[in-house]
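> Letter by letter, the chains look like this.
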Amino acid sequence: MKAFAILGMASFMIAGLVIGARLLWVGRRTRQIPELTIGAAFLIGPLGYSLIVIAPFEPLVRHFRAVAWGGDFAIQVSTAAIFLAVWRIYRPGARWARAAFGTGAGLCALAFAASVATIERPLEPEPLARWLRIATGVVAYAWASGEGIRYAGLLRRRLRLGLADPELVNRFQCWVVSSSATLLVFVLSAVNHTIVETGYHPTVLTFQSALGLVSAFANWLTFFPPAFYRAWLLRGAAAQEA
Amino acid sequence: MASSSLFEIGCDALQQASGLDRLAARGTMRLALKKAGLEVATLTSAQLDVVVKRLLPEELRARGIANPAAACENLTQRLAAAAQSAAPQECAPEDLFRRLRGA
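Protein chains in written order, with the working numbering: chain A, 1 to 242; chain B, 1 to 103.
Don't read these hints as lab results, they were simulated from the structure. Nothing here was measured: the structure is a model prediction, and the numbers come from that model. The beta-carbon is built from N, C-alpha and C at its ideal position, and this holds for glycine as well. Don't take every hint at face value.
[To be verified] Listed next, with one range per pair, are the computed distances between beta-carbon atoms: (1) B:Asp49 / A:Phe4: 48 to 54 Å; (2) B:Glu58 / A:Trp96: 17 to 23 Å; (3) A:Val191 / B:Glu58: 47 to 53 Å; (4) B:Ala62 / A:Asp165: 45 to 51 Å; (5) B:Asn67 / A:Trp96: 40 to 46 Å; (6) B:Asp49 / A:Trp25: 21 to 27 Å; (7) B:Leu23 / A:Arg156: 46 to 52 Å; (8) B:Ala46 / A:Ala109: 41 to 47 Å; (9) B:Lys53 / A:Phe228: 31 to 37 Å; (10) A:Phe224 / B:Asn74: 44 to 50 Å; (11) B:Leu23 / A:Ala113: 33 to 39 Å.
Could you put the whole structure together from the sequences, leaning on the hints where they help?
Encoded structure:
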């Protein structure tokens, strides 16, 4: 069970790093906010969690606070980037979405400030910092997931009129799966911390790891689907039309 | 959110082609776009063309327009010239994936 937990979390982090780096590479050329923000979120988030995990161990434990603060800063920048990406991708012209991004980014800043003010012991952030970290993740990924569900629904209607292609619809559906799985990881973090003080209940941790695997796989299919998968989707769509 | 210029052009053309008043023409166009899964801000001329040909005849029939096919044909002609110069107001979410495909 422990090995599975490590596998799930490692897959989530490695996929995030690889996909994030590739998106930033594309963003370097296109200079467009969506790929730059998602790329930054995917790359910086896993780095932040890695710092939090390694902070209590030698030789970093001597600089525990600085490393943990660095990790928390990266996590909150990553979450704020998700708020920015959702606003700019799905609702660039909506004032309420701009306000939602501002509120989300403010919540991230507050979560980081709480972390700086309260972190005392390795792997055990104080309740305020812990719950704010979970809350920012829940809100950001709930928004991403909700917008994805709405947009995938629009694309399914377009598909019937030939205004969208099946691969595009599938990409948004995979994105919904990855966002929803990440959202559930945060929700289970809340459950974990409610059940046990340390936040490491083995069963809940196993579910989180499984969701990490699902999210990593779905992100891969969303942003860089392999040629055989795309061909399989097109063959399926052609068979349906015939 | 401000309306896209393409949407405005489509509504004006629909009003002239069908005889509907301004409010009814806009409502009819919005309903047709909703059925197609399209959004006003990211509407393209190709998408509007499909909506006019595939969905608007039924919508106009439901509003008692005597000859919806003729009205839509008239609308298509009006749009052909006017809509070419109009661009979507915002980038669509799927533009991200189009850029990734080209990467």
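> Each hint needs a verdict: does it hold in this structure or not?
The hints, checked one at a time:
1. B:Asp49 / A:Phe4: 48 to 54 Å: holds, 52 Å
2. B:Glu58 / A:Trp96: 17 to 23 Å: Taking Cβ atoms as reference, glutamate 58 of chain B and tryptophan 96 of chain A lie about 33 Å apart, which means the hint is violated.
3. A:Val191 / B:Glu58: 47 to 53 Å: Given about 49 Å between the Cβ atoms, the range holds.
4. B:Ala62 / A:Asp165: 45 to 51 Å: Check failed, 30 Å falls outside 45 to 51 Å.
5. B:Asn67 / A:Trp96: 40 to 46 Å: holds, 42 Å
6. B:Asp49 / A:Trp25: 21 to 27 Å: Given range 21 to 27 Å: violated, Cβ gap about 36 Å.
7. B:Leu23 / A:Arg156: 46 to 52 Å: Hint violated: Cβ distance 30 Å, outside 46 to 52 Å.
8. B:Ala46 / A:Ala109: 41 to 47 Å: Holds, since alanine 46 of chain B and alanine 109 of chain A (Cβ atoms, about 43 Å apart) stay within the stated range.
9. B:Lys53 / A:Phe228: 31 to 37 Å: Given about 36 Å between the Cβ atoms, the range holds.
10. A:Phe224 / B:Asn74: 44 to 50 Å: Given a distance of about 46 Å, which is inside 44 to 50 Å, the answer is holds.
11. B:Leu23 / A:Ala113: 33 to 39 Å: About 50 Å separates the Cβ atoms of leucine 23 of chain B and alanine 113 of chain A, which means 33 to 39 Å is violated.
Going down the numbered hints, you'll see the structure goes against 2, 4, 6, 7 and 11, while the others check out.
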